[in-house]
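Assemble the complex: chain F is given as a structure, and chains Z and U must be docked to it using the hints.
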Amino acid sequence: MIHESAIVSPKAEIGKNVKIGHFSVIHDGVNIGNNTIIEGYCELGCPTPLADNQSLTIGNDSHIRSHSLFYAGSSFKEKLITGHRVTVREKTHAGVNLQIGTLSDIQGDCQIGDYVRTHSNVHIGKHSQIGNFIWIYPYVVLTNDPHPPSETMLGVTIKDFAIIATMAVILPGITVNEHSLIGAHSLVKSDVLCGKVVAGNPAKEICDTTSIKLKDHPELSAYPWPKHFNRGYPDSVISRWRERFGEKII
Amino acid sequence: MIHESAIVSPKAEIGKNVKIGHFSVIHDGVNIGNNTIIEGYCELGCPTPLADNQSLTIGNDSHIRSHSLFYAGSSFKEKLITGHRVTVREKTHAGVNLQIGTLSDIQGDCQIGDYVRTHSNVHIGKHSQIGNFIWIYPYVVLTNDPHPPSETMLGVTIKDFAIIATMAVILPGITVNEHSLIGAHSLVKSDVLCGKVVAGNPAKEICDTTSIKLKDHPELSAYPWPKHFNRGYPDSVISRWRERFGEKII
Amino acid sequence: MIHESAIVSPKAEIGKNVKIGHFSVIHDGVNIGNNTIIEGYCELGCPTPLADNQSLTIGNDSHIRSHSLFYAGSSFKEKLITGHRVTVREKTHAGVNLQIGTLSDIQGDCQIGDYVRTHSNVHIGKHSQIGNFIWIYPYVVLTNDPHPPSETMLGVTIKDFAIIATMAVILPGITVNEHSLIGAHSLVKSDVLCGKVVAGNPAKEICDTTSIKLKDHPELSAYPWPKHFNRGYPDSVISRWRERFGEKII
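Residue numbers (the numbering used here), protein chains in the order written: chain F, 42 to 291; chain Z, 42 to 291; chain U, 42 to 291.
Heads up, a few of these hints could be off.
[Stated by the list, open to error] Derived CB-CB ranges, DEER-like:
#	chain 1	residue 1	chain 2	residue 2	range
1	F	Lys60	U	Thr216	51 to 57 Å
2	U	Asp257	F	Gly273	40 to 46 Å
3	U	Arg283	Z	Lys256	42 to 48 Å
These are computed hints drawn from the structure, not numbers from a lab.
Virtual Cβ for every residue (Gly too), placed ideally from N, Cα, C.
So that you can see chain F by itself, here it is in the shape it has in the complex (with noise of 0.2 Å):
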């Protein structure tokens, strides 16, 4: 299962069935979960000083898309799923299920819950703290440095089942509460309440979250967003938000 053209370090723990494709490196001391596909040209565990020899762990069934690299010193539980070019450095940890989307970048020093996806070509800083169940759309950034540069470093939080649409910037110490939404191109200053759409540059509350309707059934609200959408997630967690928030809605 590994291509004869990767380059595996005999100091890499791999778990039963893995896949390495072509052209991939697993550095030393990597240690890859069962049943994990990684694709071609990515390479695992890039030493740097800053992983304080700690190693890179990647969960059980995860799938790492082709030309990622993932440094020395973070951990990812099972069923972490990349795209494409994605990069994550050192002491990062991330819960369950991550999905990092195509060219994503995390920098380094991130919490990061359970069942958090990002899109396409998102940037998070270092230092951000993300949440559970949340989703981060394409070109999106999570900012550190209130008057770059500096040796000051806020990052983000972001709470559970938040919504952070395309092009948005976060500016730094930022905390952006439960369930709330934040609009396409939206440049964000202060903290978002719990439950509120926020959009605009800068950002301003619109309204609450829950007065978005859903386009194909308008006397529905689109918000909580799990009332009604549940694809990828696995049924222990879908019969949680059946309790929290009412039966499926459509």
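Chains Z and U alone, transformed into the frame defined by chain F:
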């Protein structure tokens, strides 16, 4: 013409005078036209269930630059030209002489006409419909989900001769009509009328495109652009433009 | 120090103590200085007619990270540092210690001074003129065509010590003067005066940079930034800054 480090499936159909660069991989069923150059580190025809067993077809006289990636199930007529690190997913079908800029990402299920140019780092969402002679500049995003995350997919439609400037975001289901111009850094929330300039966040109608003058010839309109710009188009196209738009003005 | 899978032209000039990583390719005529690290999957000196037979020169003590790509015809003085997946085209000439962030794309024909830093995913259009000690943050685009598509090329000029924050777009021909600061997500349509902060879409003058205070020391100005930030600069630079800007304030 096939580099000794490239891996080419015996089930691929490779035309005459094709060059395949170092460390590139060509999967089963890929059909590459004559006189085409595939640079290094490219992967063509990545298998995916979403391709429904359709192959990848690249027309004659194409040039795919390094680190690019095409899934199975898409097709491109002659003179496809790409930058580096391009990603193109399944079931996208494009006409003649599509140019895709470095880092651009075409997400699949798109219809693209003839002589479309995207500059660097353009994101074309699934189900986009793109006409002919269109220009899309860096960091533009065409979206598709009106209330993310959802199962509703409303692709963007771009009509002939339209121009979308740098870092514009087009919201789901929007139509950008013929000969219109979208200003840099705009958020487009409603349909754009034929021949109009829109700009801002949110974008508003500013003027007719014909009222924008050439910097070096302030007495002449910069639009319709085929009146003064024809680099890279074949004589057959240019002569049709002359019939339609009149003589070249500079 | 040259990985056995790398392909290095015998016509390249490789300095002493140079490391070249797995699957990298070095073309004819490339000149790599001493003590330089080229990581894996890089391609240096890609031939192009636009390079006019000029070679690529990388100075001493440089570090080019994986998946990066440099065309022939450009030159970089010592201590060039890049992130991953960087693309640099022909006829760009840069001074000492340029740092180019992951995914950044320098389009060619640019002049870049000393100690310039770009963060991730910055797009530097053709014909940009960039001074010294400049900071450019993620997803910034420097444009060059005033009425796209056209043959008119008006590059952007950035002067010493300027700071361009995340996702700003600078329109063609604009000059960003010394010590100015462009806010995140701004669209810059007119020249920016020395020492001023501009922000918004379109960007407007907000205040003097000196009126922005340090978060942790609200009695102290954050600008000029060399008064409090000097990580990564050599003593010779720092002592010049001390003469010019006074003692370090924190």
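A quick look at each hint next to the structure:
| no. | hint | result |
| --- | --- | --- |
| 1 | Lys60(F) / Thr216(U): 51 to 57 Å | holds, 53 Å |
| 2 | Asp257(U) / Gly273(F): 40 to 46 Å | holds, 42 Å |
| 3 | Arg283(U) / Lys256(Z): 42 to 48 Å | holds, 44 Å |
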